[in-house]
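Visitor: Taking the hints into account, I'd like the entire structure generated from these sequences.
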Amino acid sequence: MPDINHRNPKEIMTLSRLGSFYQSKLSFLRSFIREFKDWEFNKDLFELDESGYGTAVYSVKKDSRAYSLVCFANELNSTERSDRVIATKWDAAFVLHDGIPTKEDIKRLKENVPKQEVGRVSYKELTLSRANKSVRIFEHTVDALASGQQPDENIVKDVGYLYRTTAVYGSGKFGLADRYRIKERSEICGPFRLEMMLVYLVRQFTFDQVNHIAKSRNPTSAVKLSDDIARNLGIGNSTGLGMAPFIVNHPTLLHNWIYSREEALKQIRSIEKVEINDFNKFKECFEKSKLNINTWKTDSKYQINKIKILIKDLEHFEKKYLFNFEFNEKFLWNKLYLWIENELSEEGIEYIVSMLMEPYDNIVNPLVEKMSSEEDLHFDIPGERLVSDLIDIIQINYSSILDIDFNSSEEITNFWFISKNKEEPRVANRYEEEGSELEQPLAIARDVSELFKRLKDFSSSKTIAEFLMSNNDLRHAVRRCFIIEKFPYSEIQDNTIGSKLVPIDMLRLKLSFFGAQKFDPRSDKWLRINMYQGAPLINELKNTDDTWIYNRL
Amino acid sequence: MRTSSEIETISKRATKAAGFPWGIAEEVGKNIKSLELLSISGIENLSLYLEQVKGKETFGPKEISKENNIKPNSFCPFYTGSALLDSASKVEEIKNITLYSINFPILLIPFINRLSDRIGKKIKLQIDDHSFMLNLNKFIATDTNLMGLIIENAKTVKIEIQENEDSFKSKIWDQLYELSTETFVEETDRLKENAAGAGLADND
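As they're listed, the protein sequences go chains A and B. With numbering that gives the first Met the number 0, letter number 447 in the first sequence gets 446, and the count goes up by one each step, no holes. With numbering that gives the first Met the number 0, letter number 165 in the second sequence gets 164, and the count goes up by one each step, no holes.
Keep in mind that the hints were calculated from the coordinates and are not lab data. Here a beta-carbon is modelled for each residue, glycine too, at the ideal position from N, C-alpha and C.
Facing chain B, according to a computed beta carbon distance under 7 Å, are these residues of chain A, among others: (1) Ser170; (2) Gly171; (3) Asp177; (4) Gly382; (5) Ala464; (6) Leu467; (7) Met468; (8) Asn471; (9) Asp472; (10) Arg474.
Subject to a maximum C-alpha distance of 27 Å in a straight line, what follows is the list of computed DSSO-like cross-link-like pairs (lysine-lysine): (11) A:Lys300 <-> A:Lys289; (12) A:Lys485 <-> B:Lys137; (13) A:Lys369 <-> B:Lys29.
Guide: Structure, rendered in structure tokens:
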């Protein structure tokens with residue numbers, strides 16, 4: 000048996016590696032679809048005018064539990080349409096309601112949901128979102144359907160969605176139910192299940208809305224959007240820096256996500272005899288997924304370069320390895336992994352790691368159940384531990400960070416802050432912008448480095464409680480060190496404030512776990528993605544194959 | 000109604016804005032959330048305290064001992080609570096601790112509640128005339144009406160670690176035990192012969 004371990008967090012938790020992650024069977028929108036198969040779906044209300052403005056309600060039920068998506072579609076001038084988080088109006092606004100809403104609920108929600116952050120919802124609501132039309136494809140699709148035609152497949156492929164959300168909120172924001180109210184519900188127990196549910200149902204609304212408008216325009220000749228085209232439309236999403244602090248502020252959750260991936264890889268590499276069916280499934284998914292790469296459109300040089308590297312990697316993998324595969328070898332996957340680790344870039348390695356999971360429901364599904372976290376359980380600092388213990392923890396877990404020279408202005412160029420006008424996270428150059436004194440505690444590498452220096456000057460036999468009495472300014476860093484001791488994948492092993500920081504690497508990590516595809520950076524601080532492209536339609540859920548993500552027109 | 004998530008976030012940010020470090024602000028965020036869930040006026044006490052100390056120096060103990068005093072200053076509930084929580088094993092060893100002059104002591108309660116959970120023992124907390132029994136961060140027993148209670152300063156705060164003792168008389172226990180035995184079934188000799196260990200003649 001070869002010596003197969005989890006991969007080293009110091010290699011995996013760097014920003015460039017995390018920024019090379021891809022969706023996998025562990026991703027939330029895929030696990031959501033697997034779990035959502037046997038839910039009952041209803042369109043309870045659809046009161047849109049001929050232009051598609053009005054209110055719609057969709058409900059989904061399982062056992063005694065029901066959830067309802069309440070949609071408000073509004074008229075919006077093209078000058079008012081913006082993906083920026085600072086926008087105040089959107090083409091449509093959505094809320095996921097706990098149960099079936101009453102008329103009074105809908106009235107209350109109608110007054111508040113379209114206002115988003117400045118409105119107020121209640122504990123009866125679970126997630127909140129808004130979205131804008133992709134004007135190019137939406138109008139084209141309505142025009143085509145109204146004239147009895149299907150939309151041009153090339154346009155559908157290019158854009159990939161009718162609507163693009165610009166935020167999806169949950170967990171106690173703007174009055175939404177706190178997580179503790181719902182965390183014991185078995186039907187939605189994985190991370191971000193309710194956000195995934197909202198987006199999936201919004202996708203259905205976008206189909207119903209284009210069909211409705213087309214039919215209203217031309218009642219006699221309009222046709223419905225074909226299932227094949229609908230299936231290949233997802234929901235777009237514009238994502239900014241709000242996601243970046245999330246992964247720093249939820250260390251045990253981050254660990255559980257990454258650990259699940261690493262544990263899956265370890266178990267797969269440890270398979271002594273690979274079954275032919277499993278090998279074929281890997282190969283089939285690999286082939287199908289490769290075709291999709293050509294549909295990833297972006298103007299971002301950063302992303303274009305990443306895609307080029309990936310394509311080159313995959314070609315190299317096919318030519319030099321996949322075609323020369325000795326199927327009967329023992330520990331085949333392990334040999335494959337060792338080869339890609341040696342031969343490919345981070346993009347190629349992580350792409351194939353995701354692919355390796357495809358045949359293994361039995362390995363992946365139990366790990367999906369472990370991807371949530373009770374973070375409060377790990378909040379307290381064990382003050383009775385010794386300063387020498389903490390020095391050891393830092394030396395073991397943060398050794399690469401300790402090499403960074405934080406006296407150099409290059410290494411502390413940026414600072415993270417919360418913007419006053421929208422209460423959203425931002426990053427700025429501390430030498431060019433004001434406000435660095437209000438820096439958020441996201442520069443973990445710098446703070447751990449400072450902590451290490453101070454610990455070295457403190458008596459190593461004293462307790463952490465004694466150390467903190469005169470060093471509480473580093474309390475947040477001390478807490479994290481004791482978390483990483485138990486959760487080795489809880490920390491980004493990189494400098495999050497250096498001049499070379501590419502914030503979208505942090506976004507991509509989170510989005511890959513969501514199951515997003517088609518990363519399209521619009522700058523180094525925000526990007527567009529696609530969710531649920533290729534996903535089964537609601538009436539197809541019962542018989543769907545989990546590899547739907549690789550299906551395309 | 001404000002959600003727990005909003006209460007935690009806003010309390011944390013406000014505490015930082017008043018001049019406390021992020022690590023302390025994180026503690027305060029969690030604590031105010033827990034006070035408000037218990038219907039104790041955490042937000043109000045916090046707001047008044049932060050208003051009072053914003054930009055000013057605040058003081059915690061330099062070590063934890065039986066008697067703690069920082070005359071002429073008063074203890075900050077955050078630094079004091081954090082120090083007590085961090086020093087859980089020492090507090091357990093000392094058993095009875097007195098702090099003289101502590102500002103907004105209601106804000107100390109969740110720290111002591113967490114301390115109770117950490118050491119696995121009930122803690123009696125005396126804030127001047129108000130008495131509280133804190134039980135493993137699960138609940139707080141008190142005669143004091145905590146809704147809307149604001150205490151700007153307590154002259155004395157006493158912390159007494161309670162040994163894990165029964166809160167009932169043994170006679171009452173025996174009565175209850177007797178009743179519980181009515182769920183048992185008398186075993187026959189035949190059943191005894193087949194029970195675990197039956198038939199063995201050695202003592203190995």
